[in-house]
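Undergrad: Given chain A's structure and the hints, the job is docking chain Z onto it.
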Amino acid sequence: MKSPILQTATKYLLPILLLFSFFLLLRGHYYPGGGFVGGLVASIAFVLHSFANGTEATMKILKHKPLSLIPVGLSLSALSMVAPMMFGLPPMTGLWLEEPIPVIGMIGSSLFFDLGVYLVVIGVVLTILFTIALNNEEESK
Amino acid sequence: MIDNYILAPVFIHLFSAILQLIAWRKTVTQRVISIVGSLMGVILSAQLFSKVYKGGILTMNASNWDSPFGIVFVADLLSTTLVLITSIAALAVSIFSATGISRQRMLYGYFPIFHFLVMGLNGAFLTGDIFNLYVWFEVIIISSFVLMTLGGRKTQLEGAVKYMAMNILASTFFLTGIAILYGITGSLNMADLAIRVKLIENQSLIGITSCFFLIGFGIKSAVFPLYYWLPSSYHTPPSAVAATFGGLLTKVGIYAIIRVFSLIFVPDDFTKNLLMVLAILTIITGSLGALIKINIRRLFSYLIVCHIGFMIGGIAMFTKIALMGTIFYLIHDILVKTNMFLIAGLIRQIRGTMNMASLGGIYAQYPKISLLIAIVLFSLVGIPPLSGFWPKLYLFEASFTNNQYAFAGALIFGSFVTLYTIAKMWSEVFWKDVPESVVVENNFEPMPLFKKTLLVLPIGLLASVTLYVGLNAEVIIILVGKIADQLISTQPYIEAVMGK
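Sequence lines, in order, name chains A and Z. Those letters in the first sequence? Residues 1 to 141, per our numbering, in order. Those letters in the second sequence? Residues 1 to 500, per our numbering, in order.
Treat the hints loosely; a few may be bogus.
Over the 12 Å line for every Cβ pair with chain Z, so calculated as not near, a few chain A residues [as the list claims (entries may be wrong)]:
(1) L17
(2) M59
(3) K60
Under the rule of at most 30 Å between Cα atoms (straight-line distance), these lysine-lysine pairs were calculated in the DSSO-like manner [what the hints assert, rightly or not]:
(4) K60(A) <-> K424(Z)
(5) K54(Z) <-> K392(Z)
(6) K63(A) <-> K11(A)
(7) K424(Z) <-> K320(Z)
(8) K293(Z) <-> K198(Z)
(9) K65(A) <-> K26(Z)
(10) K368(Z) <-> K432(Z)
(11) K26(Z) <-> K63(A)
Hint data in this document are derived by calculation from the structure and do not stem from the laboratory. No experiment lies behind these values; they were computed from the predicted model shown. For each residue, glycine too, the CB sits at the ideal point set by N, CA and C.
Bound-form chain A, shown alone:
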């Protein structure tokens, strides 16, 4: 069941949803949002794409298996947790740049922690959903 309306809509929705998820990620330090919600929205974008074009097509645009995002995200979070120890501060202390960067705003180690969470969430959700989807597609063939 492939509907051309959905396929065309997803073509435009995928980048918008990804942009929105990134917006949620950056906004999360002071306002509602953050890595977890951002990751969920990003994975919804890919799930929508897989509804419209089939799971295999989505796997193609992802290039790598979503499973490989989990260790990348985990190490990003873990490193940003340990990084303050290099400066003689307790683990998980927020390190901040002096000057804000345009558009993104203040950058600190907690942003990298959130980015790690974002990647882990995408990795976990897509791995679970793709495994189920591929099993179902095989059964229905």
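TA: Showing chain Z alone in chain A's frame:
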């Protein structure tokens, strides 16, 4: 004193797990990372232990938020001793797993999950925040669910359902207790709670809240009448997993009981009597269960329950001598119980079964390995001067000076049943010939020497640590004496966390 590196034993296991996730499906690399990571874990926790032993309690304010507002990690003697013993046990299990776990299980992430589990254990020992303790407990049980179901055999899933149901119930009780405690006092920091709980007027409310914690930790540490999930689930996963569970998981419950009931809820007479009754019933029911089991791992599971009662009894008396007995027993028990399940795994490799009726002849075939195992079994039974003897001595002394004759009787009964069941197991498994009707499938004999070493080495490692604990008991007694002092007079702990 503030030390930013006290979480090193936690981080080392986190990073080993992440590296193993990067090396997903490369089982050889994962094995090497696991053994190296666990070895570094032992070194780091030994360093931490010696720092705390020489310099006193260390604390670390996570994210640089001062306590009681942020999450604080505290390394006192009890925590660091347990972190060290846990790391040694984890090293042994990790070496054993290199050959004792099937490749199929490794492909689905056995090693990363194992390291997440050990990370959770170390974190639970080191945290000084009651809600953070709950979070570490969740890390532990979620990893243990995966380890228990990995492989997906029918019996495993059956055991896992019982295990999961009881553990979720325990977590709910624990979380409810935390919520009520926070509602009453407005704090989650354990040292801060220790101060605030004493100032509450309605002490009976505090007593009821403590029952929530007792039930929650009681389920986790398998105390009567909440222990039945343990013998019905611990015999299902592979032996290396059962060794981690049997040696370490129930002991976290005991640790939590010791910590919470020495620091926050100092036991009154009612709590002491309640704990004592539970201890006696745990010993009796556990040993009665052990009497009738013929599967080795089911037998060991009931012995775990029985010996949990010994430790609860020590906490119930709450004198210096009794606590020394409990902590010494805790150290001994982690080492020996982990080793017992590894031995069960080795026996399975040698004979292909764990049913005592169809085992036999191991002493005739492998005399050296059998002697190594005998050391462990003797330590478990408590033959002087091995490690099981000394803590029982202290527990006996405490029970006579506190007029707890029923507990002394239960101790004698429990020790006697342990002796009987282990003697029965020794004669059935090691001395008796293999029954003629049984076809032996020996997977151990055709293995190359390297693999054999990987199976026997961890048993030898743990046995030598047990021997050290037993023969060098003077050192351990000084250590547990200091720990017991810290548990009874909590002022240094509170001062270290809250500042003077």
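Undergrad: Against each hint, give a clear statement of whether it holds in the structure.
TA: Checked hints:
{"no.": "1", "hint": "L17", "result": "holds (27 Å)"}
{"no.": "2", "hint": "M59", "result": "holds (17 Å)"}
{"no.": "3", "hint": "K60", "result": "holds (21 Å)"}
{"no.": "4", "hint": "K60(A) <-> K424(Z)", "result": "violated (62 Å)"}
{"no.": "5", "hint": "K54(Z) <-> K392(Z)", "result": "holds (28 Å)"}
{"no.": "6", "hint": "K63(A) <-> K11(A)", "result": "holds (17 Å)"}
{"no.": "7", "hint": "K424(Z) <-> K320(Z)", "result": "violated (36 Å)"}
{"no.": "8", "hint": "K293(Z) <-> K198(Z)", "result": "violated (46 Å)"}
{"no.": "9", "hint": "K65(A) <-> K26(Z)", "result": "holds (16 Å)"}
{"no.": "10", "hint": "K368(Z) <-> K432(Z)", "result": "holds (17 Å)"}
{"no.": "11", "hint": "K26(Z) <-> K63(A)", "result": "holds (21 Å)"}
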